[in-house]
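Trainee: One-letter residues, chain by chain:
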Amino acid sequence: MAITATDLGVVYRSQRRGDTVALQHVDLRVAEGEFVTLIGPSGCGKSTLLHALGGLLAPTSGQVAVDDKPVTAPDPWRAAFIFQDYSLLPWKTILDNAAIGLRFAGRSRAERQAKAMEMLELVGLANFAKAYPHELSGGMQQRVAVARAMAMEPELLLMDEPFGALDEQTRQKLGDQMSRILTQNGKGVVMVTHSLDEAIFWADRIVVMSPRPGRIIREIVVDRPRPRDLDFIASDEFGEIRQELFRLISEPVEETAADATAPTGAVALRGGRG
Amino acid sequence: MKRGTRGYVALVWGLRVAALALLIGAWLFANGPGKVSTLLLPPLGKVLELFGQLVISGEFWGNLWITLYSMLIAFVSAAVVGTLVGFWAARGQLRARTIEPLAVWGYMAPLFLFYPLFLLWFGAGPESKITLAAVSTVFPIVYGSIRAFRSVDPIYLRVASAYGASRRQTDWLIKLRASLPMLASAFRVGAAYSITTVLAAEVLSSTGGLGYILAKASQLFNVSQAFAILIGIVLFVAVLQLALNRLFRQRHAAGVG
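Residue numbers (our numbering), protein chains in the order written: chain A, 1 to 274; chain B, 1 to 257.
So that you can see chain A by itself, here it is in the shape it has in the complex:
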């Protein structure tokens, strides 16, 4: 399954602040099993692009298509989201949280519990199946969010700064674990990140975006088999890519500072109305 965005544009309309062009003329193709990282200054529309790819946000112009079929609504079997803030449901157990997509799909209790349990084992949280989200650390909650996405056996995972809220140590450990899981399962991944190291270490291809209006300004292929060892970070190749990324992202810094906040409040959700 390949996912394609063609001439994608997203405009947030707000009566008070006027229109904000979040994305403009974005063309992107993610091949089956490919790991793509999206990087760019804050407010460049990385998350908007991710949401549009998953059908969670209707583009103002252009279209997203999966194998030539246009995407009009989220479908967790096709592409499952992992959000930055974990967004587990606090009133449900870890097991029920991991099974939520299967619950919505109307699967039997036995089936969804078995599947969710399998995924919790995969992320090493089987012992916490009966616990509630507030009893878990941030890193553990994020693993539950990964299990919730994996339970759908999606062809593509859409991750929005999945490790953004974690401390450096947890980040590395979880990142290492996740990269093995994802590579073994051969999932395609689109991951938004603001960490240069993450963007390079994980990716088959790095997509660099400009400040608002968000456009793709550069694509860098990282030609090294996954999963990668930590030695990769010390390599010359890694250093060169890092330098180039740094230059690309830090150049237009004055522009970014002026309007750094993304208008998340204006994002219109598809499906359930707010």
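Keep in mind the hints are simulated off the structure, nothing from the lab.
In this text, all values refer to a predicted model and were calculated from it rather than measured experimentally.
Beta carbons: idealized from backbone N, C-alpha and C, even for Gly.
A few of these clues could be false.
What the hints assert, rightly or not - For lysine to any residue, the following SDA-like pairs were computed, each having C-alpha atoms within a straight-line distance of at most 20 Å:
1) A/Lys92 x B/Met182
2) A/Lys173 x A/Leu230
3) A/Lys92 x B/Pro181
4) B/Lys216 x B/Phe236
5) A/Lys187 x A/Val66
6) A/Lys92 x B/Asp153
7) A/Lys187 x A/Lys92
8) A/Lys92 x B/Pro154
9) A/Lys187 x A/Asp67
10) A/Lys92 x B/Leu173
11) A/Lys115 x A/Ala126
12) A/Lys92 x B/Asn222
13) A/Lys92 x B/Leu180
14) A/Lys92 x B/Gln93
Claimed, not checked - Here are the computed distance ranges between Cβ atoms for each label pair:
15) B/Asp153 x A/Glu237: 41 to 47 Å
16) B/Ala243 x A/Gln15: 44 to 50 Å
17) B/Ile155 x A/Arg109: 23 to 29 Å
18) B/Trp65 x A/Glu121: 51 to 57 Å
19) B/Ile155 x A/Val21: 22 to 28 Å
20) B/Asp153 x A/Ala110: 26 to 32 Å
21) B/Arg6 x A/Asp197: 46 to 52 Å
Put chain B on the given structure of chain A with help from the hints.
Mentor: Frame of chain A, contents of chain B only:
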């Protein structure tokens, strides 16, 4: 001391008992050295004696039952209607904008002043109390439930949408569940309205209920009896409060959602 430790719980209970002891002390002082007329404040001993007699009398329980079922019918019907109206209204911007100010008006307005009309329509029996209490109670519940449903964290709605929830699943499994804590506080306010309205209406004009026997005792200048009945009412409300707490207790959501 830390919250939740045994010592803390003991401290809280100690302070509660101390507050009660203070009240009893003030009463005893007023009866004795304070020289307050027994017409205004009857001796505590006598009131307690009468309260004892009251509790073993069938009259008290019969009237308590009348008051209790009047409140329950009023509260439950207002809760069901109010929640449904609130849920329906919260689904659209136009509806919410139209209905919310109406709900606030009904919440603030002294609807109790319509009681004479209700007496005219439904008679002096429990029916007039039940209808008046239900009408008074429905407004705070409509208002509270509109607010509860509209303030569901968009994060949960995003999860529902991203993981393929239908509209009905979003309503029942996400919106309703996420708004339970705020709904519970709307129900608490509603319960207070039901209790107050039924009792006050019974005092003014009725054929039975705790408010009725209280009014009767006062009119006959039987002050000690009136105080004994008041103690009964206070304890009755305390039991209702405990029941409500139990009903709306949040088990899992420690501080979140």
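Trainee: Is lysine 92 of chain A close enough to proline 154 of chain B, meaning Cα to Cα at most 20 Å?
Mentor: 17 Å, holds
Trainee: Do isoleucine 155 of chain B and arginine 109 of chain A keep their Cβ atoms within the hinted range of 23 to 29 Å?
Mentor: 25 Å, holds
Trainee: So if I understand the rule, the pair passes when the alpha-carbon distance is 20 Å or less; does lysine 92 of chain A with aspartate 153 of chain B pass?
Mentor: 15 Å, holds
Trainee: Is it true that the CA of lysine 173 of chain A sits at most 20 Å from the CA of leucine 230 of chain A?
Mentor: 11 Å, holds
Trainee: With the threshold set at 20 Å, check whether the alpha-carbon distance from lysine 92 of chain A to leucine 173 of chain B stays at or below it.
Mentor: 10 Å, holds
Trainee: Quick check on a hinted range of 46 to 52 Å for arginine 6 of chain B and aspartate 197 of chain A, using CB atoms only.
Mentor: 49 Å, holds
Trainee: Per the hint of 44 to 50 Å, is the separation of the Cβ atoms of alanine 243 of chain B and glutamine 15 of chain A within bounds?
Mentor: 48 Å, holds
Trainee: Hey, lysine 92 of chain A versus asparagine 222 of chain B, does the alpha-carbon distance stay inside 20 Å?
Mentor: Between lysine 92 of chain A and asparagine 222 of chain B the Cα gap is close to 56 Å, so the pair fails against 20 Å, i.e. violated.
Trainee: Would the pair lysine 92 of chain A and proline 181 of chain B pass a check requiring their Cα atoms to be no farther apart than 20 Å?
Mentor: 15 Å, holds
Trainee: Has the hinted range 22 to 28 Å been met by the Cβ atoms of isoleucine 155 of chain B and valine 21 of chain A?
Mentor: 25 Å, holds
Trainee: Lysine 187 of chain A and valine 66 of chain A: Cα distance at most 20 Å?
Mentor: The given pair, whose Cα atoms are some 15 Å apart, holds under the 20 Å limit.
Trainee: Below or equal to 20 Å on CA atoms is what counts here, so check lysine 115 of chain A against alanine 126 of chain A.
Mentor: Holds, because 12 Å separates the two Cα atoms, which is no more than 20 Å.
In the structure shown, a violation is registered for the earlier hints numbered 7, 12 and 14, in ascending order.
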